[in-house]
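Listed below, chain by chain, are the residues.
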Amino acid sequence: MVVELYLDLLSQPCRSVYIFAKKNNIPFEFKHVELLKGQHLSEEFVKVNLLRKVPALKDGAFTLAESIAILLYLSRKFNTPDHWYPSDVQKRARVDEYLSWQHTSIRPQGCKVYDIKAMVPLLMDKPFPPEKLEEEIKDLNFSLKQFEEKFLQDKPFIAGGEISLADLMALEELVQPVAVGCDVFEGRSKLAEWRSRVEEAIGKELFEQAHEVVLNTKDLSAAQFSPQLKEQLIQMLQKELK
Amino acid sequence: MVVELYLDLLCQPCRSVYIFAKKNNIPFEFKHVELLKGEHLCEEFDKVNLLRKVPALRDGNFTLAESIAILLYLSRKFNTPDHWYPSDVQKRARVDEYLSWQHTAIRGNKCLWALHPFPAERLERAVEDLKSTMKQFEEKFLQDKPFIVGSEISLADLMAIAELMQALGAGWDVFEGRPKLTEWRHRVEEAIGKELFREAHEVLLNARDTGAAPLPLRY
Numbered sequence: 001m002v003v004e005l006y007l008d009l010l011s012q013p014c015r016s017v018y019i020f021a022k023k024n025n026i027p028f029e030f031k032h033v034e035l036l037k038g039q040h041l042s043e044e045f046v047k048v049n050l051l052r053k054v055p056a057l058k059d060g061a062f063t064l065a066e067s068i069a070i071l072l073y074l075s076r077k078f079n080t081p082d083h084w085y086p087s088d089v090q091k092r093a094r095v096d097e098y099l100s101w102q103h104t105s106i107r108p109q110g111c112k113v114y115d116i117k118a119m120v121p122l123l124m125d126k127p128f129p130p131e132k133l134e135e136e137i138k139d140l141n142f143s144l145k146q147f148e149e150k151f152l153q154d155k156p157f158i159a160g161g162e163i164s165l166a167d168l169m170a171l172e173e174l175v176q177p178v179a180v181g182c183d184v185f186e187g188r189s190k191l192a193e194w195r196s197r198v199e200e201a202i203g204k205e206l207f208e209q210a211h212e213v214v215l216n217t218k219d220l221s222a223a224q225f226s227p228q229l230k231e232q233l234i235q236m237l238q239k240e241l242k
Numbered sequence: 001m002v003v004e005l006y007l008d009l010l011c012q013p014c015r016s017v018y019i020f021a022k023k024n025n026i027p028f029e030f031k032h033v034e035l036l037k038g039e040h041l042c043e044e045f046d047k048v049n050l051l052r053k054v055p056a057l058r059d060g061n062f063t064l065a066e067s068i069a070i071l072l073y074l075s076r077k078f079n080t081p082d083h084w085y086p087s088d089v090q091k092r093a094r095v096d097e098y099l100s101w102q103h104t105a106i107r108g109n110k111c112l113w114a115l116h117p118f119p120a121e122r123l124e125r126a127v128e129d130l131k132s133t134m135k136q137f138e139e140k141f142l143q144d145k146p147f148i149v150g151s152e153i154s155l156a157d158l159m160a161i162a163e164l165m166q167a168l169g170a171g172w173d174v175f176e177g178r179p180k181l182t183e184w185r186h187r188v189e190e191a192i193g194k195e196l197f198r199e200a201h202e203v204l205l206n207a208r209d210t211g212a213a214p215l216p217l218r219y
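Sequences listed follow chains A and B, in order. So that you can map any letter, position 171 of the first sequence is 171 in UniProt numbering, and since no number is skipped, the others follow by simple counting. So that you can map any letter, position 123 of the second sequence is 123 in UniProt numbering, and since no number is skipped, the others follow by simple counting.
One chain only, chain B, in its complex shape:
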């Protein structure tokens, strides 16, 4: 029985999980949960994730929510290369530190950023958060290293890139005027592979270009 991944690529943590699974050739069944259709709110999906969020995983009888838990579970079950979650205690701590911080770096539900028009009352707060986050990300987490942990890509970079691409999907070029960040983005893209990167972001960037339907009110 193959692992089932419940995903909507409009959402950044889903993209991180998707890229990670694909990059590591982890066999899985893609279960599309369309947020814009409110499919995460249906009874069927409740059986997979009572929290009504994506991403979610099902492995036989075992169900799991939360992208970080899913990424770590997959990395252990499929014994992925060390650099994703380094066995070196201090490098691993750096990954944990980023993965923990990123939850609250930008408040609110960022999946909504793919919506057009973006709810005005949240826009100001989101931009404020984003600028502050960019600054902290560069000064504290990236510094002058090629990747967050050092010389190789890890789960931390994967989560970070998805986050920044979400802003791009909302029409804000967070990389403009930030050469260090731009260089880091290119390195991450290369480490993932241009084709996989493009494929994972297609849905998001299409939503930006064509405009998405309003979300159901219960989101």
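So here's chain A without its partners, still in its complex pose:
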């Protein structure tokens, strides 16, 4: 029985899991959970993940939520190369440190910029006040500053000389605002060079494949949203952006 990965490549952590599995030739069944259609809120999906979020994993009777838990589980089960989660205690700690920090310090900021620019216009009648977007971009800029100064510094990758789970997660967070025209790499040469290294380490073809959906965000239309769930999605958006 092959591992099932429940994913929507619009979502950053889903892309990290997808890239990791593909890069490491981990056999899996791609189970598409379309967020715009509210499929993550269905009763069927609740059996896989009570938290109603993607990514999620099912391995026989075992189900698992949370991208970090899933990445670590896959790395252990399939014995992936050491550099992804180095056995060196201090390097490993650096990866843990980034994976912990990013939840509240980069993910929400990137998500908010994406949602304000992409989701609000499609779901809501009136646009978000531009000052609000400015505020969120300011927060994002602060996070990027911390990322460069504390986590990347002058190293090729977060943990040192090789790509790890930390870089994979970080990259996806930064692709999110880029997808809505907020180019976080512009004017940040060190960050742009890191991004090129990550792209190369992943492989250009897989990189392109994984990003195709999100980079076509401008082609999303209101028609793609499930009408029954529109209200629910609006409420979730309002709560997030409060």
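The set of hints was computed from the structure by calculation and includes no laboratory data. Where hints are given, some of them may not hold.
Calculated lysine to aspartate or glutamate pairs in the DMTMM-like style (CA-CA distance at most 20 Å, straight line) [stated by the list, open to error]:
1) A:K204 to A:E193
2) A:K22 to A:D59
3) B:K135 to A:E4
4) B:K22 to B:D209
5) A:K242 to B:E190
6) A:K150 to B:E44
7) A:K239 to B:D129
8) A:K47 to B:E138
9) B:K91 to A:D59
10) A:K77 to B:E44
11) A:K145 to B:E43
12) A:K77 to A:D59
13) B:K140 to A:E193
14) B:K91 to A:D115
15) A:K23 to A:D82
16) B:K77 to A:D88
17) A:K91 to B:E4
In silico contact screen, one side only, chain B against chain A (beta carbon under 7 Å); selected entries [stated by the list, open to error]:
18) I68
19) L72
20) Y73
21) F78
22) S87
23) K91
24) A93
25) D96
26) D209
Note that beta-carbon positions come from the ideal geometry of N, C-alpha and C, so glycine has one too.
Since chain A is already given, all that's left is putting chain B on it; use the hints.
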């Protein structure tokens, strides 16, 4: 050279790290970083943690932020008993799953909960988050098991208890009317040891009872 742990026991992740180190007899130097005095914002502390947060660790030249990274580092360096972070792949995944989820379960800086009076505009949101979190915690993570992973305490329970005690420190009895949660709390307390548990929570519960000074604006 002994490991230095930069802590303020008003803050829940600091308590988790403190309890873990004490429980496992890990030799360390307690470096008090008083949040209420803004000591986390001073230049001296920047050298330990550029992110200006506690807990932080220093081990010789090696500095480390983030409670989860610190707990895992200590568990590996000091080879703590398996149940804290089980080697069984699926049990370990359950711990990872909780540790990942708990970051965003309740939004905002919960260290502020030790403040009196609690900023009113955040109160409503905090209570809303807390109720939703309690429900998810019981239904998804605890279910009918003695501990989050199964039959023994792990890092997940340690982080969870600190979180719930923080609410208690803000004057909300999150255990009231929740017998399953209450029983779990007692089991965790027993596994940690009543004395260590009491010691770790003294600062927090005193802040609740006596009222804390306002935090510097830059928090």
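Structure-based check of all given hints:
Proposed proximity of K204 (chain A) and E193 (chain A) is supported: the alpha carbons are some 15 Å apart, at most 20 Å. Annotation: proposed proximity of K22 (chain A) to D59 (chain A) holds, straight-line Cα distance about 17 Å (limit 20 Å). Distance restraint check for K135 (chain B) and E4 (chain A): the Cα-Cα separation of roughly 27 Å exceeds the 20 Å cut-off, and the hinted pair is therefore not satisfied. Taking the CA atoms of K22 (chain B) and D209 (chain B), the gap is about 25 Å. The hint is violated against a cut of 20 Å.
With a CA separation close to 40 Å, the supplied pair K242 (chain A) and E190 (chain B) exceeds the 20 Å bound. Note on K150 (chain A) and E44 (chain B): the hinted pairing holds, with a Cα-Cα distance of about 16 Å set against a maximum of 20 Å. Between K239 (chain A) and D129 (chain B) the alpha-carbon distance is near 11 Å, which keeps this suggested pair within the 20 Å criterion. With a C-alpha separation of about 16 Å, the suggested pair K47 (chain A) and E138 (chain B) falls inside the 20 Å cut-off, and the hint holds.
At most 20 Å may separate the alpha-carbon atoms for a hinted pair to count; K91 (chain B) and D59 (chain A) meet this at roughly 14 Å. For the hint pairing K77 (chain A) with E44 (chain B), the CA-to-CA distance comes to about 43 Å; that exceeds 20 Å, so the pair is violated. For the hint linking K145 (chain A) to E43 (chain B), the alpha-carbon distance of about 18 Å falls within 20 Å, and the restraint holds. For a cut-off of 20 Å, the pair hint linking K77 (chain A) to D59 (chain A) stands: about 11 Å separates their Cα positions.
At roughly 41 Å between alpha-carbon atoms, K140 (chain B) and E193 (chain A) are farther apart than 20 Å, so this suggested pair is violated. Note on K91 (chain B) and D115 (chain A): the hinted pairing is violated, with a Cα-Cα distance of about 35 Å set against a maximum of 20 Å. Of the supplied pair hints, the one linking K23 (chain A) and D82 (chain A) holds, its CA atoms being roughly 14 Å apart against a limit of 20 Å. Restraint check: the Cα-Cα separation between K77 (chain B) and D88 (chain A) comes to about 11 Å, which is no more than 20 Å; the hinted pair holds.
Under the criterion of a C-alpha separation no larger than 20 Å, the hint pairing K91 (chain A) with E4 (chain B) is consistent with the structure, at around 19 Å. With a cut of 7 Å, the hint placing I68 (chain B) at the interface with chain A holds, because the nearest CB-to-CB distance is about 4 Å. The interface hint given for L72 (chain B) is met, as the beta carbon of that residue sits about 5 Å from the closest beta carbon of chain A, less than 7 Å. With a least beta-carbon distance of about 4 Å to chain A, the hint placing Y73 (chain B) at the interface is held under the 7 Å criterion.
Proximity of F78 (chain B) to chain A is violated relative to the hint, the smallest CB-CB distance being about 11 Å (cut-off 7 Å). At a threshold of 7 Å, the smallest CB-CB gap from S87 (chain B) to chain A is about 10 Å, leaving the interface hint violated. About 11 Å separates the beta-carbon of K91 (chain B) from the nearest beta-carbon of chain A, more than 7 Å, and the hint is not met. At about 4 Å, the closest approach between the beta carbon of A93 (chain B) and any beta carbon in chain A falls short of 7 Å, and the interface hint on this residue holds.
A hinted interface residue such as D96 (chain B) counts as satisfied when its beta carbon comes closer than 7 Å to some beta carbon of chain A; here the least separation is about 4 Å, so the hint holds. Interface hint status for D209 (chain B): violated, as the beta-carbon distance to the closest one in chain A is roughly 29 Å, over 7 Å.
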